[in-house]
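Peer 1: Could you slot chain B onto chain A? The hints should help.
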Amino acid sequence: MDLKTWAVFVASAVLKLSLNFLFPSLHSILGQHVEVTTSMTSFKQLKEGLHLYEIGISPYDGGVYHQAPIFLLLFKFLGKCGSTSPNSPIINVFYVFADIITAYFLCAISKSPSLAKTNQLADWVIASIYLFNPLVVATNIARSTAVLSNAAMIGSIAYACYNWNILSVMFLALASHANIYSVYLLPPFLVLWTSTTGASTASVIKYLTLYIAMSTGLASIGYFMTGSLQYLTATYGSLLFFKDLAPNMGLWWYFFMEMFDFFRPLFTYIFQLYSLIYVLPITFRLHNYPLMAITCIVGMTTISKSYPEVGDLGVYISLLSLFRFIFPNVRYALLAALVILHSLVLAPSFYHLWIYLGSGNANFFYAITLVYTIGMTIIITDTLRATLLIEFQGTEDPSKAVIQI
Amino acid sequence: MFLLGFWIYLLAVCMLLDVIDCALPSRGAYSESLDLKPLPRNTLLASFNFEIYSDSAAKNGLGYGTDGAEFLAHYGLFPRSVGQIVKSTQTHELHLRFTQGWWDSEEWGLLPHNGKYTGGTGVEVWAWIAAEQGDEAENSWYELVNALSGLFCASLNFVDSTRTTPNPISFRPDSSVGSSSLFTNQTARKSNVSSTLHLYHGSLPRETVCTENLTPFLKLLPCKGRAGVSSLLDGHRIFDSKWQSMALDFVPVCDSDNGCRQHMTQKVDVVLDVLRSLQRKHAPVPKPLPLEELQCDTSKSYHSESICFPLPSPRVVDWKLSDVFGRRIKNRCLLDQRSEYDVSSYSVCTHITPEWHLTREGGTVVSSTSSKTCFSLHENDEFDVGFSTSNSTSVSRNEQPPVYIQRSMTGRGQQNGGVQTIIHNPSMTDAVSLIYFESLPWYMKPYIHTLAASLSSSASSTTAAIKEEVVKDLLYRPFLERVRGTYLELKLEIPPESKLTISYDFDKTLLYMAEYPPDANRGFDVPPGILTVLTKEDNGTISYAYTLRTSSLLLSLPTPDFSMPYNVIILTSTVMALAFGTIYNILVRRFVYEEDMVSEHIPLMQKVKQRIRALFVFRKTAPEGDKPPESDKLKEDTDAKDKILDKK
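Chains as they are written, first to last, in our numbering: chain A, 1 to 405; chain B, 1 to 648.
In isolation and in its complexed conformation, chain A is listed as follows:
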């Protein structure tokens, strides 16, 4: 970790703290943006859940709080140390720290034995791609709890890269407790964890058991906190069956809003299956590059999950920045960047037209979410192809003509 990286860390902390200090209402403005937070990560709903928990009403016996019970514990603790107002010093420091930790993990991954032999970007570049990404900054200032689940996920990757597998399993269990879609990362992680020992059945079973045990342990926290398993339906049930119909950057909301009642359950299963169906093929095809498999699955989940937010894209881009060796093979970087940029600029404007001005309708925002999905698809397919090409070419001359059959 060189001086430049530390400078980037400090600069990002200064940026976020000063933004919060200069614009004290920024967190509530960003917190209202449906692109930045969803009902699965919203800080306002977290505060409501915390309030209900503190006045003795189960936060899960109602439709307002859908986040994991561990956040209640964490923020209750933070509240005891200071206050849970979104602009209080302790929350400020906590969120800034969470982002810096994530950036630190990313730098650590890039230095890990498996990636170090390839040509890597400098640490400070990787750190700034994450820390100064406007999407990540916005998510952080909006106090989305996705910041924390993403930190856990990146941490899990980092520990796996250094063979601290037990810690990695623990962090993955934590990440999937907070965001159930992280379960999809389990197959590539199994590849990653067993990469040193060889993929024997015994070691796969060992890590799988460990993961299940830890997840169950975390799940039981919720049971002991609320005294019932009702929280499972309020959190994961709401996520899996898409109970809270609110606009976001994903494909789900408008589809289910317009869907006929009779077909709604069928399409709920199909949509969940759709997000799941990429996991195994990508893992098998990229078994030599488990990190890339993780990145691709993260990218795919970004568009196929029920409550996506733009912060996920920030994490995906940061993960991509670790694979410098595929950059020469990426063909549509400009196109993808323009499509994504186009959607990110127009999404808030069209949402504003629909919700506040009334001069546009829901189709405007819906169209932009489609464009966003197409942009993401371009990036994912392009990087996937680039990786497979690298794998195929190996050490051979890259100038030889290659075709796909």
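No lab work stands behind these hints: they were computed from the structure.
Keep in mind the model is a prediction, meaning the values are calculated, not measured.
It is possible that part of the hints are untrue.
Simulated DEER-style distance windows between Cβ atoms [unchecked claim]:
(1) 410/B x 18/A: 16 to 24 Å
(2) 410/B x 262/A: 37 to 45 Å
(3) 28/A x 539/B: 45 to 53 Å
(4) 410/B x 3/A: 45 to 53 Å
(5) 76/A x 473/B: 19 to 27 Å
We put the beta carbon where it would ideally sit given N, CA and C, even for glycine.
Peer 2: The following block gives chain B in isolation, referenced to the frame of chain A:
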């Protein structure tokens, strides 16, 4: 001997304690009355009151849970349609309200009957249901509202779990005697399980109250609107009013001597705009007044022949009851068996100041004071009364209400908003304690942690009060999507001469397309908040002294494009298929170097296949003479693919 002594003792106690209760006839009874009271700005408050007592039931209770024969013997004047519904659903007490318009508290003062018989905008219903278990009671409740829906031609069947609030503390049963013991005894004898009373409250703020509700309402009366004061009730006039409220209350009355009887109260309170009604009489089709009849403020500088600033409503008025209601009171309802000439058994009363002058047609004056004159009606007679005064602003004012309330939405846009309720205690000396009840639909998602209360008094500037100072107690049940709405009840105490502002934030949500009503962009109605003023009696019990309601709120939700379902399904599916196709295309295909595609070794089967294909291509293109270049290429491609497959 002992028994006789006991009876004498009982009689003595009865006579000493409550002469009237003991004197109640065991047969059913009916009484009706009408109170007329001019209000400021040429409005008239007319309060119709109808009371029906059923025949006494057996001493062991109301006959619930028995085979029914016993119960049926006790219908007389009592409407059987309601009685049977109430009986089959084990309803102990039923309250039904149909209200429309807005009661102007500042102008008109206290609500009639202290707001006890007034509902929120639309239809409101609450009932105590006797059942052993909650879900049993809940089923009875839905059965009850569905039956009432048919009886009163109202959409009460839409009172489902999302519009029902169980057991709010803002309501207390009217029946004082053994409210729960009555049932406990009754059912305990049957099943040895004590049943309890369950309160359910539901409201339909969007329901439009109209003649189709009034007609069945009148049919419950013994004279069915044909004779007596109920003959005045004409839908055209009642619903063309500034404010009107119809109430139906079903309460059991028990006393130790006569056993239990059912008491049904029906009330209609209307505030009519007298001038509007008169205009209707003179010109049924609205048309502009002739110039000479216009009453203009001539003191205005711009007053001219063509410019008229209308005067406030005229002070000199002269009208009759028949002008306002469009008809006279016909006959007397003979089923009202009270004496025609008894002072206490008046039929029509007027409440006026000495500046008013009354003229009577038909009927008899039974009592007369300076402020109140009462008349009785006669058989085969038509009754009318005329009101005239030179100063119509002089009216006998109602008392000032103990609190004023107003509620409004704050914020903009269709994503979120806030609700602000201002409760004003006008009293100079007394603090007032209240219960404020709100039930919100589930698609309005409040954040209870944003609940804020601030006090401002006229003496000092606004002070942000600590919430705990004013909010003594908070009962809250969060909403659950499509299952139940939010229920919020606050116990408040407001110091004298101050205004309390309560506010909270809420989120709006999207609904499934089929859940939007036909006119989705009109908005969704939020039921009125209910404010109950508590007073402490001398003996320490707390009584509910006054009830008033806020107006309902209109909540506008974001809407989808209703014409889009197929387009959305097609577009989204296309994008998903696009992603799926491209990614699987990359995953399942292999990379090869172009130079590796040519292979020398071709197995026998492949050769045969190639021959056949070549033949096929040749034959297809043969008639044209020479081959097009594409077919060559195609052939090569096919060959190459076959080769590479072999290789692998």
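Peer 1: Hint by hint, where does the structure go against what was stated? Just the numbers, ascending.
Peer 2: 1
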